[in-house]
Amino acid sequence: MRPIVEVEALCVQALAKRGKDRIPLIQDVSFQIHPGEMLALVGESGSGKSVTAGAVLGLLPNALHIGSGSLRFQGEDVLAWTEKKRRGLLGSQIGCVFQDYQGSFTPFRKIGKQLTEMIRTHHSLSKATAKDLALEWLDQVALPAERVYDSYPFQLSGGQRQRTALAAAMMLRPALVVADEPTTALDVLTGERVLDLLAELQMQVGCAVLLISHDLRHVMKRADTVAVMKDGRIVECEATEMIRRRASHPYTQTLLHARPLLTDLDAGLDWENEEVVSSERHEGVDGVESLADREPAV
Amino acid sequence: MLRLITARLQQLVFVLFLLSAFTFLLMKLAPGDPVLTLLKIDQIAATQAEEAALRSQLGFDRPIHEQYASWIWGVLHLDLGDSYLAKRPVLEMLLERVPGTFQLALGGIAVMMAIAVPLGLLAAKYPGRLPDHLSRLLALIGSSVPSFWMGLLLIYAFSYKLNWLPTMGTGSFRHMILPSLTLGLAIAAVYARLLRAGLLDSLSQEYIRAARARGIAEWRVLTLHALRAALLPVVTVFGMSVGHLLAGTVVVEILFSWPGLGSLAVEAIFARDYPVIQGYVLLIGVFVVAVNLLVDLSYGWLDPRIRYEKGEAA
Amino acid sequence: MNTWHSIRQSPMTALGIALLTLLVFLTLFGPWIVPNDPLTVQMSERLQPPSWQYPFGTDHLGRCLFSRLVEGAQITLGLAAVVIVTVAVIGIPVGLLSGYVGGRLDTILMRIVDGAGALPEFVVAISVAGFLGPNLTNLLLSIVAIKWMGYARVVRSIVLSEREKEYVLAARVAGGSAWTVMRRHLIPQILSPVFVLAALDIGKIIMLIAMFSFLGLGAQPPTPEWGAMLNDGRPYFQTVPELMIYPGMAILLVVISCNLIADGLRDRLDVRSR
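Chains as they are written, first to last, in the UniProt record's numbering: chain A, 1 to 298; chain B, 1 to 314; chain C, 1 to 274.
In short, the hints are calculated from the structure, not lab data. Nothing here was measured: the structure is a model prediction, and the numbers come from that model. Just so you know, not all the hints are guaranteed correct.
As the list claims (entries may be wrong) - Below, computed lysine-lysine pairings styled on DSS-like, alpha-carbon distance capped at 25 Å:
(1) B:125 / A:84
(2) A:84 / A:113
(3) B:87 / A:85
(4) A:113 / A:85
(5) A:131 / A:110
(6) A:113 / A:131
When you get a sec, could you build the whole thing from the sequences and use the hints?
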């Protein structure tokens, strides 16, 4: 079976503001994702996992650029795509869910408008059909469809927004969904449910999923394959079962034994983990992303 | 939202009170005796008795606070008095001129938007590149060029040298072009810069990345997703500088012999026709506050979060 | 070396400073370099083309256009300077007092500033010109009457935020008199924003004076104020466009240099807005 995504020896560099210095952000990253497979890319903040996701999506900020390596999507060379082609595939063949639920939808426009806009961007459907499709998917993610359709994003809770974002990502039955820390900004329980939903929808649509997370044990329950990143390199990439049984790399071991997890406990709350989640949210921007934030001001 | 509007209405009352007191005071401070002026205009050799009669007819023999009270009573009943010169109700004269100024202001705003929006979008799309530098240069020149001078230059070039457009008069679209350009060109670049700053800010937001990741076409991302937030500062500055726009209409009306409020006011100043000046100032005050009320309302339209201040659970 | 560095850092600001220096030079030494008296009417010499005698030609009354323009620099810059200084002299103390003393005084002052500040300065200037007569003094008075409020407001807000900071509290606790505290701690803080505000305002004030003079509501003939000169030259501009081109260009250059300097100052002094 041909993989959906093939990443080979990928290097991404940051262009320093002055001079010709190039700071390597990820080096020699290789992995494959097959249809229906969920690959979890795990690493701490700044390990380069979000940059990898950005490269796969073709949405790297201007200050970053791909130095070498190859990126294939369904056998096609992603790096050779025109902007127009990339836009055409984003949303229809490649779905995305981002970390920050605040930013998953434009705040001034109603959810329904944004969903139908997306549908009609990729398929020539009538407004009514597009609306039906959007409502159907809002229903799929267990939301009160009509009400959410008519709401502004700020009228929904964080969990509701991430569910809506999931619906948007899956709605057009893409071949790949990239979920960049979709649960980080949510509280633990809500996050768990969103991940469950992600796995459930993946089954239904049959797409491949690239799940980015900073928490190894959090994703082990659902991912088929786990790739562990550290300092811009993949240190270990194995089937989840193998990781669980005998992780070879010492760093993976550290991550595995780092902390107890909610799912390990029968109790409903785990204060330690929650604390980790919230502190992660504060500094939760990779060094690279803060560079990207600054970029437009230059 | 409702609070904002009530606050604006209170401000309207306050500003009108302030303006009315201010102009009334100035009128009393004005050199020369309006009664004598009036009689002089009529070109009759007035007797002492006639002068006294007119004085009491106008109420000028009563104490000042009584005069103010009766004048403000009239204003509240839409009676702004009669023009010394034309002997007609001031309100009627002003209302005749409102459409002219309104048309001019709209023309200027249209020119401004036609230039500012594309220029701002381009400058934000390509920061640090040619459109950006161009808009910066134009903004510098635009905020430094005297509008009356630019109007003259436009007349010289397009009416006199090229003979394309009429210099004065109203009625057709062709008559609108030069006055609207004079009014709109100078302010356009400044708004383009504001729009650029707002757009750069909103383009760096997460939701723009999300929209792009959904494959939405770039022009839709710019206009439908990013522009909305970028308009807030633009609208705010527009509300604050509406006085500027009105000053501009005065100049343009004089330059192009355009029958509007501004030219009426300038004529009235030269003729010392105090009631007309007073009426003009009051009307401008109402206009300024009304525009700011519209600006407040537009916030609610631009950003629904303001509209739903106490909306459903966030 | 240092100068060269700043020029390279912000060439536009340097350009503004160079232009303004030239204009200030003209203002100071104008009377010695102009070839003719700016006010002498010579009907025999009217509307002359440029020559050695009259570098920019003559106007409709045979006056030397170049001499009038140079004289106009003095008027324009002089008036703007007078207005800005007066405005600062009124606005800064009021703002200091309002912010430092607070209470009733502050409430009343700010009520006035907020209410009257809502009026566009042009409306005030029009009413003053309308009722008290259209002349330069009244125009300047009305500009001052509106502009001081902006300064009072800015100064007050800085004082309010600085007043509660520890170093000011310490100075007060240590027994410094109100005057000492203001002079040592508050005034240095307000200088930068006031400079930026003033630099921005100078361009606006020059423009407003020129505009009113152009409408005939400011400087009156034969004063060689640039706006008034434009108005004078208006009937002849089709045959002798120089009469309107040069004064307008002069206004443009002054205002541009003020705006360039204001931008430079803002970038350098106001770190917060960046």
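Hint by hint, here is what the structure shows:
no. : hint          : verdict
1   : B:125 / A:84  : holds, 16 Å
2   : A:84 / A:113  : holds, 23 Å
3   : B:87 / A:85   : violated, 73 Å
4   : A:113 / A:85  : holds, 24 Å
5   : A:131 / A:110 : holds, 13 Å
6   : A:113 / A:131 : holds, 9 Å
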